[in-house]
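Peer 1: The residues making up each chain are set out below.
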Amino acid sequence: MKTKMRLAAVGAAAVLTLAACATPPDENPPAADPTDSATETETSEPEAPAVEGFKPCIVSDAGGFDDKSFNQLSYEGLVKAANQLGVEWGEVQSNSETDFKNNLESLVATDCTLITSVGFALSAATVESALANPDLDYVLVDDAADNDFDGEKDAPNIKPLLYDTAQAAFLAGYLAAGYSETGKVGTFGGMPFPTVTIFMDGFKQGVEHFNEVKGAKVQVIGFEGGDQGSFTGGFEANQDARNVADGIIDQGVDVILPVGGPIYQSALDSITDSGRDVALIGVDADFFVTDPNTADFVLTSILKQMDVSVYDAVRGAAEGTFDPEAYIGTLENGGVGIAPLHNFEDKVDPELMAEVEQLKADIISGAVTVTSYLNQ
Amino acid sequence: MSATAPVVRDESPVSESLRHVTVTSKKFPTVFTFMTVVLGLIMLLAPREGETKFRFAADTDFFAIPSVAVPAMPLAWVCLAILVVLTVLSWVLFLQERRTPWALGVLFGLAFLAGFLGWGGAGSVSDFPVVRLVSSSVLLAVPILFGALGGAIGERAGVINIAIEGQLLGSAFVAAVVGSITKNPWAGLLAALLAGALVALVLGIFTITYRVNQVIVGVVLNVLVLGLTTFLFTQVLVPNTSQLNQTVRFPAIRIPVLSEIPIIGPALFRQSIIVYLMYLAVPLVWFALYRTRWGLRLRAVGEHPLAADTVGIKVERVRYRAVLVAGAIVGFGGAYYTLVAVSQFNRNMTAGAGFIALAAVIFGKWDPVRAAMAALLFGFASALEGAMSVVGSPVPSQFMLMLPYVVTLFAVAGLVGRSRAPAASGVAYVKE
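First to last, the protein sequences are chains S and W.
Residue 98 in my numbering sits at position 113 of the first sequence, and the numbers go up by one each step.
Residue 133 in my numbering sits at position 65 of the second sequence, and the numbers go up by one each step.
Take the hints with a grain of salt, since some may be wrong.
Here are the simulated DSBU-like pairs of lysine-lysine, each with C-alpha atoms no more than 35 Å apart in a straight line [stated by the list, open to error]:
hint, chain 1, residue 1, chain 2, residue 2
1, W, K433, W, K499
2, S, K199, W, K121
3, W, K433, W, K94
4, S, K345, S, K199
5, S, K345, S, K202
6, W, K499, W, K382
7, W, K433, W, K382
8, W, K121, S, K202
9, S, K199, S, K332
10, W, K121, S, K332
11, S, K332, W, K382
12, S, K202, S, K332
Just so you know, these hints were derived from the structure itself, not from any lab.
Pulled out of the complex, with its shape left as it was, chain W reads as follows:
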């Protein structure tokens, strides 16, 4: 997929001037070409008639933007034309040995989306809910994003956290039980953080103190938590649903002013407290990792524990702290399931979100901000599936259900390029 071509331009002896190396990648032009061809084929082979209605307003908007009906095929053709131009531009840049800027990629993505949506929603009686698409992208990403943040912290400290899924499921369970007993979502949230940290503690004890293979412990923890929560759900929660499995959920809070901004206001600023905490968590984790002494030590321990030890950093203690904090952060994601999304716990309700979070960590190159972006991308792909099916698009349901995973796969395999894990990630530190 990625072809890098080192080009030696300067013929003069090495000793006199520095060798000039330009690295260009065919990645962008190739992907652009592929996607343009796909959209073109779809439009040629399955042309559609009618108009696509885009709805920009939420139900309760202060001043509502009217829905816009666009003739579907002309819109799609215009978008295709833009795609062709961008693709050509990208190839030209490649031939000139210049990089395709990210902005171009974003523009390409938006044009592709507009064309595809226009085509998909043609002639439908339902309108295409733009606000819903934005808000669902964020909401579907919440557990994945918290999971990815926790995963990134753990791996930065040198502990691979395969158990994100288990932490999510465990904290969702505990949040449901505590939230139901106390009828207080804050108590549920607190318990969820502790549950996430507890699973992390088990992970820590085995991997840091006893130096068992980190991947194996993680996998085992996932199976253990799934088995345990399913057992308790069946034996304890189901018979006592009203006392133990009926939470009071966090209400949606409107942020003044911000929530009145068209489109993004209702989508992003009329959410529950956990979503706002997520907005804060990303910059906070970034700051903690890159701008604090704690973060510096944590990264040192993940890259070169021996060096860190030599200068007096207690490797095991730093790792334990990192893993516990990471577990608690994942706990927010777990709490989201039973304190915001649904008011009941049910078996295996995380349905693999933790593994997607793991992919997001790698996709995001072990960086909290990029991992968050990766989680949002996955959320967006899932949201797109929901929105497309509501307008009755002709894309087979099975394909649309597959889409988020295809996107993740391509993103991890293709677009990320060379990503380097923290050097000591997955390696237990043995003090000599």
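Next comes chain S alone, as it looks inside the complex:
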């Protein structure tokens, strides 16, 4: 009797675990996310001809397609392209690292011809899948697909989409330094990953540039350079993130840049509870648009136009001209940028904005250099 019970429990556990982990790929799901911009474009633009049997697919990392961040943006780009092309698409969300391989395999098995993997965490699994399926096209968001660090991507049929967000963060840093009245601005990240620290690094460089130009002494709290700084240890908005945000606001900053998925929500509550006037800088998408709660707090957002670049990559592949060359988003090609000021329009000196615009032109022309792991 007892053994039977135990066996039943093991069985139940296995079934539940599997059910929770490996979500089967949805076949052409109904507009899954009401916040996405995909649905509204369904009828616009004439249908472009797609290659026979073209099927774009997308796999998320653990953040899911509703993360108001890179998964969601990439997803929106892909859905928009698929809708315009009038083709079915496949999608699957990963809940943990162990899902990546299975999810990629299940996409391959459902006749996908273009597979978009979102996030550097999927890099190794994507390379493996790409090498095993040389006929398929792969798009890898946010990673160079170079896991042996030889400077070359590891599979010829992967198109890495990279974003030199340091350039945009540089502008945000300059703007923040100019906006700050306390002379202190802060930043913190989820985990010390390159895709996170690139924001913090660019931000710090922007503040330092401001100090240099203006002879000011604005301090950056929470980032020391390299991968030294304040990190919450995860990408969940909880007490850990609250604690880090509280600690930074405690130091007297009046601009804060939280980098990493939903952790900005913790920062938002920290700002409210502190009772002080602290401005928030968003990352990836324009927070003013994606999260109305932030409207009164968000100074600007550092944009990473993943929706655009994924869209372009999908359209290219649909027309049979998939270009596996790595794409690097910069200020110049519009792959990165900063969002409009919205509610902060009248709180920021127009002269400062003019300087930021000039700075943008200088970065594009190369007069001002911003360093990041992508251009070293």
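Starting from the known structure of chain S, arrange chain W on it as the hints suggest.
Peer 2: Leaving out everything else, chain W in the frame of chain S:
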């Protein structure tokens, strides 16, 4: 790690006098030596310059203690000297076959901390927020502490509660939804308690009535709750954030007089109601377990259910009650996430706190007060990480992020020593 040396002193025949056995442990001197060497090495290999500023006041203090700037390296050297003295003292006590008193351990810990912080904050533009360190230690410990209390009650009654994580996450979710709909944090809190108890009820039905392996049911429940909340979050909460996932949080309440005490006042007595409930919960649970008939029966059922049954205690009923109460207590911890810390639920927001709570139960030897201490230790280690990174310490971020887990591991493995679980913990009772 622990070496116990039974020493027979008395040579006289056993029949004439009692055998005298002294048990001493090398644990304290060993740990002391290790930590002293670590601090010494850090200071020798990476000496730093400048002053460390310690800030003792909160922003809104009635009378503020001024910040103190201390020359960093001299402070660190003084602390190291104290550590060396304490280490030697501990070895001397060991050789004399005497125990190192706990007070010495506490003193050692404080001196180590002062030295380490002095070294870490040297030359920083930011000041080291002492008040923040104390308050974050408590706040980070809240969910873990409630989880540990619930875990301790469950195990005392003979039901291993691996599902603490699931109870925390489930109640955080329900608190967010109910709190958002009603715009009333009290309603959210009540719902969170029910949600915690509901997960506990499922655990109870499977483990007590159907006698399925308790560990397996717990693990499955964790996965189930994670899957369920993530699904509902994605499908229901995200599209309706303003109606379903935007809570009104409990405000901070200042306790008169107490909140004006320097350092601990602003840190401990300007908190939300859930934190005050936590202060009360620890002695209450202790009292209930050790000083009431309910507690006595509960412990009897956890140690020797057959004996309890023989004297007429209804084992299954006692266990059900214990598990449900434990689930509700864990529910407080879950409510803390969405009604105090952050005003929104997000996927997997507990991020493993329930498992740390489980470790705290064992670290605390299944005792509510000690488990609470263990939770605070973990909270402190996490808070230290945050405080160190703000002052820009030279310790690698990755290492600091690891610190709370290292502390827990060492605490459970090393310092606890022999801990004995309630005898019938994990064993379903089959009435004969």
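Peer 1: Where does the structure disagree with the numbered hints, that is, which hint numbers, in rising order?
Peer 2: 11
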